[in-house]
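*Asks:* Spelled out, the chains give:
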Amino acid sequence: MNRLKYLQQREVLLGLMIVSLIVLVGLRAPVFLSVSSLSNLLTDSTLLIMLAVTQMFVIITRGIDLSVASNLALSGMMSALLASKFPDLPLLLIILVAITIGLGLGLINGYLIGYLGLPPIVVTLGTMSVYRGLVFVLSGGAWVSSHQMPAAFIAFPLSQLLGITHLVWIAVIVIAVMWYLAHYTHFGRDLYAIGNQPNAANYIGIPTPRRLFWTYGLSGLMAGLCGYLWVARYAVAYTEIAYGFEFTVIAACVIGGINIAGGAGTVSGAVLGSLFLAVINNALPIMKISPFWQSALTGVVILTAVMINARSNKKSSRQILPLQLLQKNAIRSST
Amino acid sequence: MTPSNNSSRYTIRDREDFQLKKIFSHWETLLAILFVAAFIVNSLVLPNFFDLHNLADGTFNFSEKALIALPMALLIICREIDISVSGILALCSVAMGLANSHGFPAYTLLFIAIFTGAACGSLNGLLVTRFALPSIVVTIGSVSLFRGLASVVLGDQAFTSYPQLLIDWGQGYFFDLIPRQFIVLLFFVVLFAILLHATSWGRRIYAIGNNPVAARFSGVAVDKYRFMLFTLTGAMAGLAAFFLTGRIGSTRPNIATGWELEIITMVILGGVSISGGAGTIIGVFLAVLTLGIVNYGMALANIPGIIMTIIVGILLLVTIALPRLMNLKKQRK
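Residue numbers (my numbering), protein chains in the order written: chain A, 4 to 338; chain B, 349 to 681.
It is worth saying that the hints were derived from the structure and are not from the lab. You may find that some hints are simply not true.
Stated by the list, open to error - To give an idea of the chain A side of the interface with chain B (calculated C-beta under 10 angstroms), a few residues:
{"no.": "1", "residue": "L19"}
{"no.": "2", "residue": "S23"}
{"no.": "3", "residue": "N262"}
{"no.": "4", "residue": "I263"}
{"no.": "5", "residue": "A299"}
{"no.": "6", "residue": "I305"}
{"no.": "7", "residue": "L306"}
{"no.": "8", "residue": "T307"}
Note that the structure is a prediction, hence the values are computed from the model and not measured. Don't be surprised by glycine CBs; every beta carbon is placed ideally from N, CA and C.
Here chain B stands alone, though its shape is the one from the complex (with noise of 0.2 angstroms):
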């Protein structure tokens, strides 16, 4: 239909034309790309690469930070952060230790460590809404708090001897072939992309992130949301703490040190904005999924875990750094 048959002036269509250029130019599809090429260049140059059972052994690398990066990218798109929560999930750990130690029932473990963790979110969160903070600094006195505790706590010790049900739940498969976090995982992935993209309350989200003035005068309680966001982000942490836990069948003060970064930098390289406003968990995930893919076949080559985090850091600068380039470039000419 051309605008000329219509009686109105202007056409507004309900949904934008279909446009392969438009496809192509989200970071979703170019990071499915990078998904891609990164798995067939793994299994074109490493023999073992393609094997059922050591490809879903590998989503143990990734399914614990993943869990804890949905939320994150939540935050994030609300403009806020959150760098306490390797701190957080250290505490979650040492909690169910305790509670381990004091002979409560193996099933119980899984609530102490989300309601510890929620209860240190919220505390985050009762920081940054009450007394008005920005939540960086927040969270970075947070961290030095959590650990601290969990390290009060440990002293030079370690908590063992988890029960059975922990372990099944860390180092356990379904079927024999896909690890359970991992299903957990994907269970997550799906609600919160529809808490995110399918809801009133996410659209909140991505108001607050863009405007939040303009989103409390649309009648967005803001602050309500931050405080929720961070308990939900220290809840995440305490199911991590959980898996986690039960994966390595030990907690010790050094557990999940620098996670924050990798986290953040799941988030950030699934194309999720620091500026706020804008991102996805589909891309959240393909971000994670491709990161996981490059560590697993980088594991296979024998190349050292920090050779590792220099490819990370590269990847996240020239992430954000080719669009802007391209545009420097458009604009000269």
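Okay, chain A solo, but in the shape it has when bound (with noise of 0.2 angstroms):
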């Protein structure tokens, strides 16, 4: 009870840090508190958000999906593929397309992964070289730029409902999704399981390949939704899309208090992480602050962020000398 205490206070302390964030800039620079420029704000971190949400199921099993980014510049360039050469498919049939794509890429890993045991971290440094050569071989290293692609297919990322763009909409009903997956379903609970010790899951009859083989799935299938959405709201699609974005969501997760260590993370966290890289790489213009310092800016606050997170982690790696002292303390009470 008190662990769950202390996570949401981290969570509610990133929402403030957020908020202040974004009245501090507003200060500086009031265009930053405009509709306009915060719809703009919230538009811009959509895809973040989703892929942060999903690679945070990856993390909690102790795991971690590098070949996100390539996988969504492959399913991203596909989709643009197929739109520019017929023009007149449905455009929902693009975007399943697409999610298939990613889907079947995420599996690769899924069984790599879950089915033959392999790390993690070695498989999606392979695959990602490998999805992101495809890019190349399937595009013979061309662009496919706006006037390629179908007006529908451009449109949609960006076109409103009720006001708020589609990006945002689909953010939301992603992060309800997640939400519910790791809140309500043996599928999510599971994963927290196998992230906080792997053993006592296989034990308890959790089938941990079955599962991680759909977590990865589950975080492919993002990568291709995102890359229609990516490829679509840029208007151009090229070899070198989201090019090291990976570690951007992963930073993201981080931020958001997700533990690297597996088992334990929440979909807010992801959210909030990411909203908090997003309010960052906004504000920064706006502040007229030269581009150049935005990823040094990003790295210190990637490294503050981490290193305050730590501190409810330290206890447990620190095992090594305290025991040495307790027993001292011990062997000199008994005397």
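Both chains are sitting in their own frames, so use the hints and assemble them into the complex.
*Replies:* Pasting the structure below:
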């Protein structure tokens, strides 16, 4: 109970930090607080949020998915190529194709990690190179630019429903689904069990391989969906799409307090972590801070957040010395 | 000698028996075979492959990465990892550029690079040991810090006009044939192999990788080793920055992007276990050479570099999946 309270506190803290950051930036540059700017911020953060929320499931199983950005690029490129070759295809079909491709690529990871028991970091490092290379093979290194794609294909993510962009709606649905998955399904609860104590999870009959298989599948599926959304939103598909984005996604999770050693993490943490990064990225240009500082500041933020989060883990990782001290104290008190 | 002749119940030999089968089950042997096979195939298929000068020049492609792969292997054996090496390299190169533009003598640039690298590495080490943080998280954060600082200094500029000394070491040859970088790499391969395999220092790294808690209880200063290895990795990244800057003669913001993954791939392909405690320097070196030969052959055949990433990725996956698949088959029988 105590621990749950602490977790809640951390997310409240992060939420407060985001709000105060927005207000602080707003004081320096009032433009930042305008509705259009804030809704821009929201739209900008959606892709990161969706990817971070699924990455959270991977990380709580003690895994990591480095291939998300490459998967995103590959499924994005394939949907762009499909749309440009067959402009008459219905949009829904194209989105479904992108999702299916992403799912397939994710399940390859899932098979290697779940059923063959290979280390996630190595597997996804390998598939990351393969998927990224395949983008080049498929496109021949050429760009698919906005005029080659049908108008409906490009318009979808930013067109609005009830004054809010489709991107935001999709992100809200994704967050709700993932939250339900994490809290109320066997699938989600099993993942926490696997991350906390893999052996115990096996003994109580959790089908670890199957769970991991679908966890990486889920991560791939989301990468596929985001692949389409990314390509359509920025109206261009090229080999280097989302290059290095996997680290941003993992950073968002880490800032959101998701324990990289597995077993702990919440959907709201992942969302808040992504929002935090998005606020910083959007605020820097408005604060007229040179874009060259952006990466350095992001690095400082990540390291600081990790250090703050680490205070809760410290006890368990410092067992070695205190144990000796305890023994000494025990001897002293007994004599 | 049969056990029955012995007075004691068990015979404990100082050395294992020589077994051909055992040799072939070593990852290093397989790598060596792969290397020779790649070499032969390339020489048969490509007319200009077996040209001593070309081959020697081919080593330029991997020498710098391999210099970082050596300490990275030690880190991974010790259950840690450093994602930030390419950021460190960029920052070291920028530090050299700054020093150079302020008129520092050419030979000091080497020390500036190594010192900057060691400083970055010790920051990683400090965060990992003092705050008990997982190294993958720390280095994901610090890579954007290091590369960010590099781009803050650089802006949209580039440092050029490096002194001749750097260019000599980056592009020069010994005996007009073997690139200097490669000789330096060979030196460090021998040094690291001795350190890891023939000293108690090296044995302790294996001990930490196998079981950090047990290592601590047997008197190994685990955190001191971790800190040292991160600093060492940073320093080697600084050395690599010296060579790379000399070779391309300039410092640009995107210098060495994506190298961390190539370097980690080299190490894992070399048979170092990502879960720690296993791996050899000779394996890493063989993996470096094999990748180098394949890369060089593909370059000669005019195959784009990005196809190479696919091949490396598949190689990595097959490498780790194959033993597991064979084991599964055995179990089913």
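*Asks:* Which numbered conditions among the earlier hints are violated in the structure presented, ordered from lowest to highest?
*Replies:* Hint check: 1, 2 fail, others pass.
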